[in-house]
Amino acid sequence: MNNLKTERHGRVVTVRLHRPHVLNALSTELLTELLDVLRPLDADPEVGCFVVTGSERVFAAGADIKEMAGRTAVEMAAEDYFSAWEEFAGFGTPKVAAVNGHALGGGCELAMMCDVIIAGESATFGQPEIKLGVIPGIGGTQRLTRLVGRAKAMDLILTGRTMDAHEAERSGLVSRVVPDDQVLPTATEAAATIASYGRPALTAARECVDRALETGLRDGTLFERRVFHALFATEDQTEGMNAFLEKRPASFKGR
342 MNNLKTERHG RVVTVRLHRP HVLNALSTEL LTELLDVLRP LDADPEVGCF
392 VVTGSERVFA AGADIKEMAG RTAVEMAAED YFSAWEEFAG FGTPKVAAVN
442 GHALGGGCEL AMMCDVIIAG ESATFGQPEI KLGVIPGIGG TQRLTRLVGR
492 AKAMDLILTG RTMDAHEAER SGLVSRVVPD DQVLPTATEA AATIASYGRP
542 ALTAARECVD RALETGLRDG TLFERRVFHA LFATEDQTEG MNAFLEKRPA
592 SFKGR
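According to the numbering used here, the sequence shown is numbered sequentially starting from 342.
Warning: the hint list may mix true and false statements.
Unchecked claim - Below, simulated DSSO-like cross-link-like pairs (lysine-lysine); rule was C-alpha separation at most 27 Å, straight line:
hint	residue 1	residue 2
1	Lys472	Lys493
2	Lys588	Lys493
3	Lys472	Lys407
Source of the hints: derived by calculation from the structure; they are not laboratory data.
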């Protein structure tokens, strides 16, 4: 297997999808390799953030259609096809997607599994599965609706059209749009900033933001407040507040 290229700089690990002959189509083999590479890194306390990217031309053009085309409904259900992507989505390490070019179908879904999406000006996003007689299957109908709202999600999923980076940013899908040649540097800088903070606070912040998409305001603010209180049991809270009062940079230990 050689579907990925991985680099580590300090606390940031960059994973580049590398299937150029099929525009980085997301095959089962690629997913297996991705999980095998990231699983031990996710458990490594010295790793603070992942950056997931593709090439300058394409992030990922979708799932591997050739791999799926001949399968039956019984086979897809028996294998619970695509379910393993939830392990990637559930990694505790924060994830930044650096998107150049097309992020379509599974590529868009992969980007949405990340916490932050940095897109180049030429990037495009969409869920065109309807053109193949199917629907998104890696969480697209669910995550896209939560991020951009029902009206925009229905438009994209039912028509199969794509949207450019600026529309994606206005819609709430993309975190930032930057010049194409600044996508990876910007994503890497954001990842390094994230990785410099304490893991307990990062985990708590991500859980609270995700909870906001799944619960009412009253329950969500109660959850946030309880998590905020709990962080006062961490060494990082003591260090962070003491560093602020002493006017020095904090040195977080992730505990």
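Hint check results:
1. Lys472 - Lys493: holds, 18 Å
2. Lys588 - Lys493: violated, 46 Å
3. Lys472 - Lys407: holds, 15 Å
Going down the numbered hints, you'll see the structure goes against just number 2.
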